[in-house]
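Fit chain B to the given chain A structure using the hints.
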Amino acid sequence: MVKPSSSSSSTSQDALALFNSLRSAYSATPTALKIIDLYVGFAVSTAIIQVVYMALVGSFPFNSFLSGVLSCIGTAVLAVCLRIQVNKENKEFKDLAPERAFADFVLCNLVLHLVIMNFLG
Amino acid sequence: MATRTLGALVVLLLAITICEAASVFHPISDSHRSAASELFTQGSFDSLEKAYEALRSFEVLGIDKPDIRGATCKSVVEKLGSSESAPKDLFYALKVNSILKCGVKKEVLEGIASRLKAVVNGASSLLDIYYSIGSLVLIKDQTSEVDVLLADADGVFRSIKSLSQSDGRWRYSSDNPQSSTYAAGLAIEALAGVVSLASSEIDQSMIGKLKRDVSKLFDSVEKYDDGAFYFDEKVDQSPLSTTASVVRGLTALAAVTSEKLKVPGEKILGLAKFFLGIGIPGNNKDFFNQIDSLASLESNKVSVPLILSLPTTVLSLTKKDQLKVKVGTVLGSSAPPLTVKLLRAFSSGSKDASIIASQELKFDKESGYHVLDVLPKSVDVGSYIFVFEVVLHDSEDETVYTTGGLAQVDVFVTGVINIENAEISVLESDKSVETQKKLDLAGENAVSLSANHLQKLRLSFQLTTPLGHAFKPHQVFLKLTHETKVEHIFVVGNSGKKFEKILDFLGLVDKFYYLSGSYDLQLTVGDAVMENSFLRAIGHIDLDLPEAPEKATRPPSPAVNPLLKYGPKAEISHIFRVPEKLPPNHLSLAFLGLLLLPLIGFLVGLLRLGVNLKNFPTSAVPATFGILFHVGIAAVLLLYVLFWLKLDLFTTLKWLGLLGVFLLFVGHRILSHLASTSSKLKSA
Numbered sequence: 001m002v003k004p005s006s007s008s009s010s011t012s013q014d015a016l017a018l019f020n021s022l023r024s025a026y027s028a029t030p031t032a033l034k035i036i037d038l039y040v041g042f043a044v045s046t047a048i049i050q051v052v053y054m055a056l057v058g059s060f061p062f063n064s065f066l067s068g069v070l071s072c073i074g075t076a077v078l079a080v081c082l083r084i085q086v087n088k089e090n091k092e093f094k095d096l097a098p099e100r101a102f103a104d105f106v107l108c109n110l111v112l113h114l115v116i117m118n119f120l121g
Numbered sequence: 001m002a003t004r005t006l007g008a009l010v011v012l013l014l015a016i017t018i019c020e021a022a023s024v025f026h027p028i029s030d031s032h033r034s035a036a037s038e039l040f041t042q043g044s045f046d047s048l049e050k051a052y053e054a055l056r057s058f059e060v061l062g063i064d065k066p067d068i069r070g071a072t073c074k075s076v077v078e079k080l081g082s083s084e085s086a087p088k089d090l091f092y093a094l095k096v097n098s099i100l101k102c103g104v105k106k107e108v109l110e111g112i113a114s115r116l117k118a119v120v121n122g123a124s125s126l127l128d129i130y131y132s133i134g135s136l137v138l139i140k141d142q143t144s145e146v147d148v149l150l151a152d153a154d155g156v157f158r159s160i161k162s163l164s165q166s167d168g169r170w171r172y173s174s175d176n177p178q179s180s181t182y183a184a185g186l187a188i189e190a191l192a193g194v195v196s197l198a199s200s201e202i203d204q205s206m207i208g209k210l211k212r213d214v215s216k217l218f219d220s221v222e223k224y225d226d227g228a229f230y231f232d233e234k235v236d237q238s239p240l241s242t243t244a245s246v247v248r249g250l251t252a253l254a255a256v257t258s259e260k261l262k263v264p265g266e267k268i269l270g271l272a273k274f275f276l277g278i279g280i281p282g283n284n285k286d287f288f289n290q291i292d293s294l295a296s297l298e299s300n301k302v303s304v305p306l307i308l309s310l311p312t313t314v315l316s317l318t319k320k321d322q323l324k325v326k327v328g329t330v331l332g333s334s335a336p337p338l339t340v341k342l343l344r345a346f347s348s349g350s351k352d353a354s355i356i357a358s359q360e361l362k363f364d365k366e367s368g369y370h371v372l373d374v375l376p377k378s379v380d381v382g383s384y385i386f387v388f389e390v391v392l393h394d395s396e397d398e399t400v401y402t403t404g405g406l407a408q409v410d411v412f413v414t415g416v417i418n419i420e421n422a423e424i425s426v427l428e429s430d431k432s433v434e435t436q437k438k439l440d441l442a443g444e445n446a447v448s449l450s451a452n453h454l455q456k457l458r459l460s461f462q463l464t465t466p467l468g469h470a471f472k473p474h475q476v477f478l479k480l481t482h483e484t485k486v487e488h489i490f491v492v493g494n495s496g497k498k499f500e501k502i503l504d505f506l507g508l509v510d511k512f513y514y515l516s517g518s519y520d521l522q523l524t525v526g527d528a529v530m531e532n533s534f535l536r537a538i539g540h541i542d543l544d545l546p547e548a549p550e551k552a553t554r555p556p557s558p559a560v561n562p563l564l565k566y567g568p569k570a571e572i573s574h575i576f577r578v579p580e581k582l583p584p585n586h587l588s589l590a591f592l593g594l595l596l597l598p599l600i601g602f603l604v605g606l607l608r609l610g611v612n613l614k615n616f617p618t619s620a621v622p623a624t625f626g627i628l629f630h631v632g633i634a635a636v637l638l639l640y641v642l643f644w645l646k647l648d649l650f651t652t653l654k655w656l657g658l659l660g661v662f663l664l665f666v667g668h669r670i671l672s673h674l675a676s677t678s679s680k681l682k683s684a
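Chains A and B are the protein sequences, given in the same order. Note that the UniProt record's numbering numbers the first sequence so that position 74 is 74, with each residue one more than the last. Note that the UniProt record's numbering numbers the second sequence so that position 254 is 254, with each residue one more than the last.
The shape of chain A in the complex, shown without the other chains:
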């Protein structure tokens, strides 16, 4: 009778401990990366809300739905790329200045949104 409750409490304690260690590890992340993470979260959740709307109401007009969702997803992907490039831990892009990465990000976003606008109808 005791065993399962103790095991469940130990599981929740484990999860809590895991979560706490994850949070402390993440708090060490530079602020710039945190901003990018926040931005990615913002884009993805916007995309999710649009998908929910589509599921409720139907896919008409399909063009607009696709452009809306792809705009969010595309931005999120580009933001992730930016995050990879500006991360100092990432040795592969050590020689790449974060400003250069940001310029790529801006350029790609502009091109992406030109296509999105064209597709919007």
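The hints are simulated quantities; they were obtained by calculation from the structure and are not laboratory data. One thing to keep in mind: the hints can contain errors.
[Stated by the list, open to error] Label pairs and their calculated CB-CB ranges:
id, chain 1, residue 1, chain 2, residue 2, range
1, B, 654, A, 84, 33 to 41 Å
2, A, 62, B, 585, 15 to 23 Å
3, A, 62, B, 608, 31 to 39 Å
4, A, 62, B, 554, 15 to 23 Å
5, B, 653, A, 104, 36 to 44 Å
6, B, 612, A, 81, 24 to 32 Å
A virtual CB, placed ideally from N, CA and C, is assigned to each residue, including glycine.
Using the frame of chain A, we list chain B on its own:
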């Protein structure tokens, strides 16, 4: 189907044969009077010109005028009182006044008269002169107290005459080279007015010249086959209004000249026939022109046409119809004492021999008809041309009236045709009779025959006229109709009185498409002058024909109902795209609000992270580039929004190129500045 077609054909032929005889002209009758009442309704009195046309038509036809005197007289007095009215308006106002007697003051008329005289002396256009002279003549007719006489009548006469052409036609003005017959009518009427308004005698040689012009004008008259004469105008005017104009001019001139005008009676009669021949016109103007011209001809001083008319041109021998002829003036009043002679009568086919001797028609005073009691014995059924001559009793009348010489009239004499010895029989190939049946073609028949392809069918009958002559109708057809509605029509030929048709089935099997079975027989005998024309079923025949060989032509498919083929097609129902179902408005708005939540979360998150703009360059030049960089991005995004809303791709790309270069430049400057500061920071 085919029966109906055949019936329609018979009716059509009858109609055509009757139409050809329509060269009989009837004087104006009650049908014109009822037409006038319908045609000139309330709207016909809008303008004074229209009102005059209606009132004049009513006056000539002797119909009571409708109650429009009050309103019309008011506008007459207004027009005459106004000093700005054109001669044309004055002319029609005075015309209406001459019929309605509106009681216009003498002073008003005097004022108009002096104004019009000035117009006459100074005018160069024929129409102005025509209306002014016409108005002066009307004032002269209405009151004797106003001085309307022209001092320089000779001069006015010459100025109108100077517009005349060598062919008798006139020009509208001296600077208009085009000559017109319509204008000639107006000019002649105006000249007649000048003669009546002249204070001193007009030079007789001038009047002589004018008369020569009139006879030249009548040389150009055109003629229809039925004896009607008319004047034609190449432009502007219809033949009716042109002819009416000339007739008005001619009668006005004849009324004012002492010496008689020399115009052939035949032409005057022809003009009357033209006006009568158009029947009842459908519009007010034409109706007025017709009635007014006929009224002018009725009382003209050249020669009054007498019209010979027949109440009916179809005479039945069975009913012993009398030949009735009426002679009267164009408006239907009775003629002076005269005798009508039936000179000749000949069959329409052969124009040589007259079938009757010349005889006089008796005049019946009560009915006003000249009657031939009994048609001569020699007149059989058929179509004839009767030639009448009208002889006036009083030789003085001959100078007043014209009868136009001989009158030819198409007459149909109808009667019952005797049908005798009608029989139908089936013959063997050696001509021996197998079965024979008598037919009564006047009544119902229902013979029933049967034959095979080696036999023949013979139909025979005799047609004789009441006088016992042979008679050949227009149409004699035998029709065989198979059960499957396949039809065969044969023309029955004749030799003398006897009509006979032999159908040799051996030669006809192919034409009959090898169709055995029952055939209905139908006989058609029809003619315009045959009172007992018929289209009758006489029974049926059962044919036993051999089997069709393989190459035989197939029977035609039954005729398609023409209504199906040419009738209206089924209505096309258009299918439109159904609009997509859209979600309720509030749901969409709710999701729009929901979309703001991540944005708010993002902003709150930024605040929580303690984001600041401390890294933004503080010195002036890099700060300007930084601001310009952000402004550039905002501009590109704004351009995208415009692209979505209204711009096309090419315009957008053009602008994007410009903005891109700018953005590239400022972006490079600001980012390299940031990079250099951060590298300095690192190295330090």
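*Hint numbers not upheld by this structure, sorted from lowest to highest*: 4 and 5
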